[in-house]
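Enquirer: Each chain, letter by letter, is given below.
Protein chains: 6
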Amino acid sequence: MFSLTVRDHVMIAHSFRGEVFGPAQRLHGATFLVDATFRRPELDADNIVVDIGLATQELKAVLAALNYRNLDDDPDFTGINTSTEFLAKVIADRLADRVAAGRLGAGAHGLTGISVTLHESHVAWASYERSL
Amino acid sequence: MFSLTVRDHVMIAHSFRGEVFGPAQRLHGATFLVDATFRRPELDADNIVVDIGLATQELKAVLAALNYRNLDDDPDFTGINTSTEFLAKVIADRLADRVAAGRLGAGAHGLTGISVTLHESHVAWASYERSL
Amino acid sequence: MFSLTVRDHVMIAHSFRGEVFGPAQRLHGATFLVDATFRRPELDADNIVVDIGLATQELKAVLAALNYRNLDDDPDFTGINTSTEFLAKVIADRLADRVAAGRLGAGAHGLTGISVTLHESHVAWASYERSL
Amino acid sequence: MFSLTVRDHVMIAHSFRGEVFGPAQRLHGATFLVDATFRRPELDADNIVVDIGLATQELKAVLAALNYRNLDDDPDFTGINTSTEFLAKVIADRLADRVAAGRLGAGAHGLTGISVTLHESHVAWASYERSL
Amino acid sequence: MFSLTVRDHVMIAHSFRGEVFGPAQRLHGATFLVDATFRRPELDADNIVVDIGLATQELKAVLAALNYRNLDDDPDFTGINTSTEFLAKVIADRLADRVAAGRLGAGAHGLTGISVTLHESHVAWASYERSL
Amino acid sequence: MFSLTVRDHVMIAHSFRGEVFGPAQRLHGATFLVDATFRRPELDADNIVVDIGLATQELKAVLAALNYRNLDDDPDFTGINTSTEFLAKVIADRLADRVAAGRLGAGAHGLTGISVTLHESHVAWASYERSL
Chain A
396 MFSLTVRDHV MIAHSFRGEV FGPAQRLHGA TFLVDATFRR PELDADNIVV DIGLATQELK
456 AVLAALNYRN LDDDPDFTGI NTSTEFLAKV IADRLADRVA AGRLGAGAHG LTGISVTLHE
516 SHVAWASYER SL
Chain B
396 MFSLTVRDHV MIAHSFRGEV FGPAQRLHGA TFLVDATFRR PELDADNIVV DIGLATQELK
456 AVLAALNYRN LDDDPDFTGI NTSTEFLAKV IADRLADRVA AGRLGAGAHG LTGISVTLHE
516 SHVAWASYER SL
Chain C
396 MFSLTVRDHV MIAHSFRGEV FGPAQRLHGA TFLVDATFRR PELDADNIVV DIGLATQELK
456 AVLAALNYRN LDDDPDFTGI NTSTEFLAKV IADRLADRVA AGRLGAGAHG LTGISVTLHE
516 SHVAWASYER SL
Chain D
396 MFSLTVRDHV MIAHSFRGEV FGPAQRLHGA TFLVDATFRR PELDADNIVV DIGLATQELK
456 AVLAALNYRN LDDDPDFTGI NTSTEFLAKV IADRLADRVA AGRLGAGAHG LTGISVTLHE
516 SHVAWASYER SL
Chain E
396 MFSLTVRDHV MIAHSFRGEV FGPAQRLHGA TFLVDATFRR PELDADNIVV DIGLATQELK
456 AVLAALNYRN LDDDPDFTGI NTSTEFLAKV IADRLADRVA AGRLGAGAHG LTGISVTLHE
516 SHVAWASYER SL
Chain F
396 MFSLTVRDHV MIAHSFRGEV FGPAQRLHGA TFLVDATFRR PELDADNIVV DIGLATQELK
456 AVLAALNYRN LDDDPDFTGI NTSTEFLAKV IADRLADRVA AGRLGAGAHG LTGISVTLHE
516 SHVAWASYER SL
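Residue numbers (the working numbering), protein chains in the order written: chain A, 396 to 527; chain B, 396 to 527; chain C, 396 to 527; chain D, 396 to 527; chain E, 396 to 527; chain F, 396 to 527.
These are calculated hints, taken from the structure and not from any lab test. Any given hint could be a false lead.
Identical copies go unnamed one by one, so any copy, or any two together, can satisfy a pair.
[Said to hold, decoys possible] Dumping the calculated EDC-like pairs for lysine to aspartate or glutamate here, alpha-carbon to alpha-carbon at most 16 Å:
no., residue 1, residue 2
1, K484, D441
2, K455, E524
3, K484, D439
4, K484, D468
5, K484, E414
6, K455, D439
7, K484, E437
8, K455, D467
9, K455, D468
10, K484, E515
11, K455, D492
12, K484, E524
13, K455, D469
14, K455, E414
15, K455, D471
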């Protein structure tokens, strides 16, 4: 199995609801380092997993919809705790949509899985992994 | 599949028995960066894998039993090579016990796996992965 | 010259005023990895720069006043752009006050300088350096 | 499942053929940080995954055949795009050959898998994972 | 003293002349992680060292002239060993020219120094520091 | 001013004397990532700060005298707290001796300073800086 990962980052504000979150119930923020991993069992005709330029560009496009925003005001997340693990899934699913729409190139139709890891600090990160 | 990882560290002394270890047969030591990863297929009612505060606290508690010690003197490890990979398993198993005992919260009963990675330097690390 | 550095982190929300900030004029947030460095020309009687336990504890105390907050609501920063470089100075100055107040131990009176670096992402960080 | 990873690096020149590579069609180069991971379900008689000294030595030997070279001139890669993902497989396969040849020690015959990750920068890396 | 650093990377081929370089006399390559640091004693009217967007953009522009190239063919470097430390100076000087030309904004005229660090691997890096 | 840094690591056991050290008064250990930085105002005839091969080799030689040892048993450190900051000075001084003895090459006589940083964990490190 092969994989390719590209990293970018996003800076957001949000708050959580639920006692489990303690002081994180207050409005605060995070820089998330975002690692998007694309997997496939065999390489494509160019001997790659996916065009690294397109992967970088599409990840940046997905993150642009979140970047420099207060997620509490995003209608997509009304009433939802935008936890690190939840956001990993949001980003993975949006990347999967872009793969299906052909935005990562024709060769990307051979991809079989996507994982997204969000690092919220040097001591905590969360991931979501899915099939394509 | 979702996962959440928290990082801490521990500083121990130990020695190894066996020619394969070369100069590491002498009493020496290590700082281990310890990454504990918790996995589950679906998020809990709070939209998280596990309470990150409790995960951090329980990892610290597990490490406290090892920290600033000579593992050669620990009765749990008599006659055992406390290799990086072995210690990864010790820490994973002790975390699993704490999950079972409810110390990571009620939601943690939905966890299905734990992995622990110990980085012994910038050029070597070891992991142990298990089900719950 | 000797130095000792301890690292912690803080997660905040804020916004900026001024065209130069572009989309960062919107309410957003950041995780700052905070490295606090203490300097002195000679080590103290214990052969250290400063008690690493107290340094860690006092850095955490300084960060607690900022952590999980919207800095736009902090009366200390009314009308001020809480840029990464500005916050590095705030934290350095507050640490300096604690050194002067004796909270880092008697030996810490031999410290001659403090630097604070805030990493806002894997591709950007800022520092402030001052004398004591 | 246990694993052990060792890291080294290699500095090579190469060029790519195919529009997808854009400016990387020109002769350029890369430092690859190379992480070689060895896996097995149970530890060996010494309580380890593999002799870390031998693992480090054999990875270095595999990399020596690539290091400080222009891969466009390597007869093994004639007409092949030496992408990061492809090189991860080359290195994994060559390590697997060395495991089979006994160069990682007798205990290494219990290994069941190898993964190799090549970091081409702080924002991109690729992996190949195989069974033994 | 305040500073702001931005990171980018560049992938180049080159070779060295001189016995001291051993196998690096062969054509090979490198990924350089490039950290550009801007310094000044006081912040500007926006409470920053320099516009981080412009700093990132201008560093990328400086690196674009080197990226995906064989430096042995660059007329600027004819007969010159393009060592990591030398390239750090090249990049710092070119950034200094851009500061002087106003490309980092009017506020950047308050900058008093630039440092550039090039990481050639996880175990080696070089820096050049100059005044403005 | 130019600098070149090389990184290696060392794994030692030791204990501290003094209440300030708390549980670190017990025999424990550490992995120190060791960064040795060499400085000079102008590059040598080969356009480098120092031969990176020799710098790496001599740092390794200095560390070999400490590696896989209990520093409490080292006659050089009898009655001395081998703190991270103190060890940074020991290593810097021993490297300086090797520069003076010509082991880093004839060009190294142009070096004007050495700094050594020891990372004891991902959250704490110490440095010592001296002239040559």
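Enquirer: Looking at the structure, which of the earlier hints fail to hold?
Expert: Of the numbered hints given earlier, those the structure breaks are 2, 4, 5, 6, 8, 9, 13, 14, 15, listed in rising order.
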